[in-house]
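Q: Listed here are the chains, written in short residue letters.
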Amino acid sequence: MTNLLVSRRVALLGGAGLLAAPAIVRAQGAPAAPAGGQQVIDINRARTDPIPIALPDFAGSSPAAQQLGQNITRVITNNLKNSGLFRPVDRAAYIQSPDAAAATPRFQDWRVIGAQALVTGRAEPQGDRSRIEFRLWEVNSEQQLQGTAYTANAANWRQIAHVISDVIYERMLGEKGYFDTRIVYIAESGPRDRRTRRLAIMDQDGENNRFLTDGNAQALSPRFHPNARQIAFMSYANNQPRVFLFNLDSGRQEVLGNFQGMTLSPRFSPDGRSVVLSSTRGGDANIFVVDLASRRERQLTSGGGLDVSPCYSPDGTQIVFNSDRGGDQQLYVMDANGGGARRISFGNGRYATPVWSPRGDLIAFTRMSGGRFAIGVMRPDGSGERILSEGWQMESPSFAPNGRVLTFYRESQARDSRGSGYSSRLSMIDIAGFNERQVITPTDASDPNWSPLLSS
Amino acid sequence: MMNTKLLGALAAAALLSACASEDTSGAATGAGTTTAPVSSIRPGSQEDLVANVGDRVFFGFDSYNVSPDQRPVLERQAAWMSQHPEVQVTVEGHADERGTREYNLALGNRRANSARDVLVSQGVAGGRISTVSYGKDRPAALGSNEEAWAQNRRAVTVVR
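Chains X and Y supply the protein sequences, listed in that same order. Residue numbers for the first sequence follow our numbering, beginning at 0 and rising by one. Residue numbers for the second sequence follow our numbering, beginning at 3 and rising by one.
Honestly, the hints are just simulated from the structure, not real lab data. For glycine and all other residues, C-beta sits at the position ideal for the given N, C-alpha and C. Warning: the hint list may mix true and false statements.
Just some of the chain X residues that point at chain Y, by a computed CB distance under 8 Å [stated by the list, open to error]:
{"hint": "1", "residue": "P240"}
{"hint": "2", "residue": "L244"}
{"hint": "3", "residue": "Q259"}
{"hint": "4", "residue": "S308"}
{"hint": "5", "residue": "N321"}
{"hint": "6", "residue": "R324"}
{"hint": "7", "residue": "Q412"}
Computed far set for chain X versus chain Y, every beta-carbon distance over 10 Å [stated by the list, open to error]:
{"hint": "8", "residue": "K80"}
{"hint": "9", "residue": "Q239"}
{"hint": "10", "residue": "S277"}
{"hint": "11", "residue": "A292"}
{"hint": "12", "residue": "G325"}
{"hint": "13", "residue": "Q328"}
{"hint": "14", "residue": "R417"}
{"hint": "15", "residue": "P451"}
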């Protein structure tokens with residue numbers, strides 16, 4: 000299982016290499032310059048007015064090629080639609096056939112059905128490899144914005160579809176996408192008092208789900224290393240709750256270090272060289288940082304309260320964390336060396352699970368107030384608080400690598416004393432607070448964490 | 003039409019009998035625990051602790067202090083442990099569902115440590131007591147209401 004994952008990733012890197020290689024096809028002499036000026040769509044406008052885009056099936060010269068083309072087009076369409084920033088044009092309205100469009104788009108036919116952008120492509124299986132070529136057109140100007148051919152291991156067709164989705168997103172919106180990513184999370188099954196909690200991983204669109212641990216030891220709080228090949232998480236192996244590292248290449252796990260008490264809520268530093276976590280000594284919980292090479296630990300807080308859920312700023316200079324040192328759970332920011340802690344949350348209620356946006360501009364959090372839970376964002380100085388979603392229970396936000404979307408988990412209230420009606424499911428929402436949708440997982444799910452872009 | 007009605011009646015009957023048998027077995031278990039002869043419980047066992055001492059204390063919302071009304075349970079546990087010097091225990095700390103997971107792990111740990119501190123203050127050697135926290139992840143009561151939450155904010159002493 001894990002080996003499959005590894006070979007995918009290795010093959011993926013090959014694909015990524017080809018992405019950068021001069022396999023770029025330029026038709027009609029249109030420059031493949033970065034989308035600038037009028038081609039960049041204001042994201043705030045796209046939110047209320049998603050970009051109409053036509054995505055005819057990629058053409059193919061054999062039934063197998065056509066099937067591959069259809070599959071790829073379906074994945075791209077699904078990605079763009081789920082972002083909430085694109086609106087795929089109804090296929091029933093298409094005038095020009097996909098095959099003809101792949102050869103030469105007749106722009107009038109796409110303009111008249113309201114498409115602002117058109118994606119055409121061609122898929123060719125070549126033994127155990129596939130060659131996928133795609134072009135992104137701006138319909139009004141009849142210009143090709145991008146034309147790229149990818150060759151990769153045939154098993155990696157989904158990843159190619161995600162890479163193409165990211166290219167379309169970036170060319171149309173002027174900022175990086177987040178489709179070629181994975182989500183690691185906790186798969187939950189069984190009754191709530193005897194729950195099995197396993198480490199699981201899937202593509203951001205819910206496909207390629209795999210369970211990484213067998214469930215004998217409860218797993219919690221998984222977090223990606225910046226290279227996306229290692230996961231820090233908490234495991235109850237030997238009934239000793241401690242932070243472990245899971246290597247996605249080897250499938251092996253190891254304990255991070257031999258702390259006296261429980262270690263929890265791990266998070267890698269942006270340079271990937273250390274893990275910041277919370278460790279208990281007696282009743283207290285304090286923030287420590289563990290250097291991965293030497294495994295030496297350094298204590299950062301000693302406030303005498305419960306300090307948990309630390310997370311670095313993307314430049315690595317600061318850490319936001321959760322503490323009850325002032326009486327109840329609030330958010331604090333301190334320097335990465337542990338000095339100068341200051342409270343940043345001052346709204347109504349208790350605050351928890353802070354996580355810094357990869358862009359650096361926002362901190363997402365869980366807020367509990369008036370018997371309701373909410374997911375929100377604020378600036379790192381605590382100003383500009385906005386609630387994105389509210390409900391019975393929800394927590395643990397994690398940013399997509401472009402800082403544009405959050406994933407978190409939402410729980411429903413038990414209806415009776417047997418716990419009927421309880422569930423725990425993953426959600427995604429745009430940081431503007433719209434387009435919340437559930438992520439389909441095979442079992443109940445919690446603690447999602449979003450990977451960086453895999454082939455960037 | 004006939005068949006459908008018949009089926010409906012059968013299904014209803016099956017449901018009722020299922021309910022009835024559930025109730026009966028529940029009552030039987032309860033009666034068995036309270037009226038069983040003391041000799042059937044091995045002294046120094048978890049069953050002994052549960053039946054004759056009390057294995058758990060409860061906490062207020064977001065609180066980790068052992069309240070005066072809960073303290074006698076721990077004092078009895080300490081006395082019981084001095085009667086059974088071979089016994090080693092793990093104190094498991096728990097929280098209700100109305101908090102975030104990571105904070106509740108730390109809160110459960112603090113509750114387990116509060117209970118442990120009382121046991122130690124009553125003369126139990128610290129080496130006989132370990133602690134572990136399950137936060138909100140192993141509720142005793144499965145409902146989503148005040149009554150269930152009060153049962154879940156607990157420290158449970160478990161014989162190792």
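Q: Please go over all the hints and tell whether each is borne out by the structure.
A: Against the structure, the hints:
1. Proximity of P240(X) to chain Y holds as hinted, the smallest CB-CB distance being about 7 Å (cut-off 8 Å).
2. Proximity of L244(X) to chain Y is violated relative to the hint, the smallest CB-CB distance being about 18 Å (cut-off 8 Å).
3. The beta carbon of Q259(X) is not positioned within 8 Å of any beta carbon in chain Y (closest approach about 11 Å), and the interface hint is therefore violated.
4. A cut of 8 Å between beta carbons decides the hint on S308(X): the least distance to chain Y is about 5 Å, and the hint holds.
5. For N321(X), the shortest C-beta to C-beta distance to chain Y is roughly 6 Å, which falls under 8 Å, so the interface hint holds.
6. With 8 Å as the threshold, the beta carbon of R324(X) stays out of range of chain Y, its nearest partner Cβ sitting at about 12 Å, so the hint is violated.
7. Using the Cβ-Cβ criterion of 8 Å, the hint placing Q412(X) at the interface with chain Y is satisfied: the shortest such distance is roughly 4 Å.
8. Remark: the non-interface label on K80(X) is consistent with the geometry, its nearest Cβ contact in chain Y lying 32 Å away (cut-off 10 Å).
9. At roughly 8 Å from the closest C-beta of chain Y, the C-beta of Q239(X) falls inside 10 Å, breaking its exclusion from the interface.
10. For S277(X), the non-interface assignment is contradicted: its Cβ lies about 7 Å from the closest Cβ of chain Y, within the 10 Å cut-off.
11. Distance check for A292(X) against chain Y: the nearest CB is about 26 Å away, which clears 10 Å, and the non-interface claim stands.
12. Residue-level check passed: G325(X) sits 13 Å from the nearest beta carbon of chain Y, beyond 10 Å.
13. Not every Cβ of chain Y is farther than 10 Å from the Cβ of Q328(X); the closest lies at roughly 6 Å, contradicting the non-interface assignment.
14. Non-interface call for R417(X) relative to chain Y: violated, since the shortest CB-CB distance, roughly 6 Å, does not exceed 10 Å.
15. Look at P451(X): its CB is around 22 Å from the nearest CB on chain Y, clear of 10 Å, so calling it non-interface holds up.
Figure legend: structure checked against the earlier numbered hints; hints not met, in rising order: 2, 3, 6, 9, 10, 13 and 14.
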